[in-house]
Each structure stands twice: as structure tokens, then as C-alpha cells.
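Chemist: The residues making up each chain are set out below.
There are 2 protein chains.
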Amino acid sequence: MAGKQQQRLPREVRERQMIDAAVRVFSQVGYHTASVEEIAGAAGISKPMVYIYLGSKERLFTACIHREADRVVETVRAAVHPDEPPELGLWSGLRVFFRFVADNRDSWTVLYQHARTQGEPFAKEVRAARNRVIAEITAMVVAGTRMPGGERIVSERDAEILARIAIGAADSLSDWLLEHPDESPDSLVDRVTDLALVGVERYNTGDLPPS
Amino acid sequence: MAGKQQQRLPREVRERQMIDAAVRVFSQVGYHTASVEEIAGAAGISKPMVYIYLGSKERLFTACIHREADRVVETVRAAVHPDEPPELGLWSGLRVFFRFVADNRDSWTVLYQHARTQGEPFAKEVRAARNRVIAEITAMVVAGTRMPGGERIVSERDAEILARIAIGAADSLSDWLLEHPDESPDSLVDRVTDLALVGVERYNTGDLPPS
Chain A
1 MAGKQQQRLP
11 REVRERQMID
21 AAVRVFSQVG
31 YHTASVEEIA
41 GAAGISKPMV
51 YIYLGSKERL
61 FTACIHREAD
71 RVVETVRAAV
81 HPDEPPELGL
91 WSGLRVFFRF
101 VADNRDSWTV
111 LYQHARTQGE
121 PFAKEVRAAR
131 NRVIAEITAM
141 VVAGTRMPGG
151 ERIVSERDAE
161 ILARIAIGAA
171 DSLSDWLLEH
181 PDESPDSLVD
191 RVTDLALVGV
201 ERYNTGDLPP
211 S
Chain B
1 MAGKQQQRLP
11 REVRERQMID
21 AAVRVFSQVG
31 YHTASVEEIA
41 GAAGISKPMV
51 YIYLGSKERL
61 FTACIHREAD
71 RVVETVRAAV
81 HPDEPPELGL
91 WSGLRVFFRF
101 VADNRDSWTV
111 LYQHARTQGE
121 PFAKEVRAAR
131 NRVIAEITAM
141 VVAGTRMPGG
151 ERIVSERDAE
161 ILARIAIGAA
171 DSLSDWLLEH
181 PDESPDSLVD
191 RVTDLALVGV
201 ERYNTGDLPP
211 S
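Chains A and B supply the protein sequences, listed in that same order.
Mind the numbering: the first sequence is residues 1 to 211 in UniProt numbering, read in order.
Mind the numbering: the second sequence is residues 1 to 211 in UniProt numbering, read in order.
The hints are simulated quantities; they were obtained by calculation from the structure and are not laboratory data.
Pairs involving identical chains hold if they fit within one copy or between any two copies, as the list cannot separate such chains.
Below, simulated SDA-like cross-link-like pairs (lysine to any residue); rule was C-alpha separation at most 25 Å, straight line:
#, residue 1, residue 2
1, Lys47, Glu15
2, Lys57, Asp106
3, Lys124, Pro181
4, Lys47, Tyr31
5, Lys57, Arg127
6, Lys124, His180
As the structure is a prediction and not an experimental result, all values here were calculated from the model.
Construct the complete structure from the given sequences, taking the supplied hints into account.
Modeler: Next up, the structure:
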């Protein structure tokens, strides 16, 4: 048993080293130019060992997408407190998401933008990660809009729609953020907040009949 | 001169026939399975003629994306009246956009979802079409939020952010709409409107401090 444990730990550590190196290399040179040899070199691991562990460049890239998707999901989850109102959760989530994108500019560009546009199996990994985030936001809105009596302000279907709006907007704004390096994640959230307030104000003064 | 005009008209007509046929064939069997021969057959035009006019399957598909993108841009533009407040324009635009997606379910799935995830040169066409829509929404918001005195409620940069939010949400919701055939475009817009009103109400009653 002890021997097994010892074997398992180094394998995880080595895999993490490989994926760290792969994220760096893919980010620097792009998926098509990157070679397994280069990634093995960056990880300080022999090329055959990389093949034994992760099989192929395609599987290495898929592992990178998966790992980075886990990181963004964890980051957003950690920022959202289950007992705060879902609106606050959405704002907190948006804020840490933009910070993540800005702090991981290179890997985000390659791993997400590239993965999303290069067909299967990469697009499938991205869809799976998106679906995890959508499910989490939906659950947060459902939990946060249940009244003490049990009835709901927002139905489950509407909660999912809100999650889709949030993720679609976050996606689209993260592209904008990467195109505007002069803008910080926090100033972007401030802009979005101000726009929401303009909307509320125009509605309240009767300028915005939404039907 | 008259001869030239006569030659030009049939070429446009034939190209339209080819692209109509190509949209049908790509939608039915997907990009990879579709053949130029099948498209030529569906258009009632010889295969060599298709190659003379549009060059290759790749260029045919690109022409389809371009033409369908023009259609969606025209549809949304026609629904927005330049002298109504931009909020109303955004709602009208969203409504006709969802109707377009629902009415063109097959071609939307193949041409847009496929184009967006299959790398260059298709992704480039999709980006160009998105950028056209973003520019139109931005211009609409800028024009519609200028006060009589000339000052602006919403800066040009914020108008672009609003456009990015709108297009990101519309994108994400159109995927949702295609996954829920029991839902109509209008009922989806009603759900989004109701969610916006819940947001306004929660803000007004102090439940939603957005900072």
C-alpha cells in the first residue's frame, strides 16, 4: 500500500509539471507550432515519458484545457458565497472571472479562444466546462431566489436563462478586455455596473418600457 | 453595354442558386459530408460550373456564411428604428434575432455553430459578421443616448461594452433556444424581459446593491 501511494504521488506531480509546461509552450507558440519535444524539454521530462503519460499532443492540449477550465471554475466558485443574494454572486463571479482572464492573458487566449474554434475534441472540452459553470450559476440563482415560504421568484428555466445571459456576456466581455489592455478587470465591472444603473434609472423614469 | 448587363444578371442569379443549394446541402449533411457534386446537383448546375463560379467547397461554405450573415444583419437592422430609444432597439433586435434563428434552425446550426468552431477561414467570416453587428449596436446606443445639449449619458466605450453584452447574451441564448424546441422566440424575449424587471425591482427595494 505504502509503495502504491509513493508511486501515485510522483505521477500526479509529473503530470502537473507536464501540463504546466504544456500550458506555457502552447501559450507562447500556439497549438499547431508547439511540439511534444519542446513541451517535454520545458517540463524536464523525456519525450517518451510524455507519450507514456499523456499519449499525444492532442491529448496534452485537451488536458491543458481541462485543467485550466477547472482553475477558472474553482476561482469563480470561491468568490461566490452561497448565502448572499444571487445578484451579488453574479457580480462577484464576473469580477473574479475578468481578473482570471487578465491574469492569465496568454493561456486564456490560446487555451480558450483557440480551443473554442479548433473543432473537436477541443470544442467539446470547452462546452463541458461552460456547462459546468452554467449549472453552478443556475443552482445559485435557484437557491438564492427561493422565498421563505418555498415559492420561487425565478423559475428553474428562467434561472438557466439568466445563467446563459451571464456566461454569454462574460465570454463576450472577456474578449473585449483582452483587446483593451488599458482597461482593468475592475474598471470593466464598474462600467457594467454603471450601465445596469443607467438601465434601472431609465426604466424608473419611464424612458424604458421593456414590452 | 446591354450585352454586359445581360451577362452579369445571370451570373448573380446563378451564384444565388448555388449558394441557396449549398446552404440546404450543408445544413442537411454537414460541411464535411457535403460534396460539391451534390451541391451542383441541388442547384441544377454542372459541377465544373460551380468550380468556375466559386472555386472550392471551402469557398462555397465561406460564401454561405457571408450571405447568411448578411441576412441576419439586414433582418436585425430592419427591426430597429433609428429614432427610438436604444433600449427599445436592443429589445426589438433581440426579438427578430431569435425569430431568425428559430426560422432558420438548420442553416443557423450548420453555418454559424459549425463555422464558429471549425477554425480559419470560417471563424474569420463569423468574427467579421459579429463585428458588423457590434458596430451597429454601438452606433445605435451612441446616437440614442446623446442629450439635446450634446453631452452623453453613455460614452462610446460604454456603448461598445453594451453591444458586447448584447451580442454575447444573444449568442448564448440562441444556443439555448435551439436546445429547447418547445420555446418560441417571443416567449424567450418575455422571459428575458421578466428577468430584467425582477432585477429592477430588487434594486429598487434595496435587495441589489450592485457595488
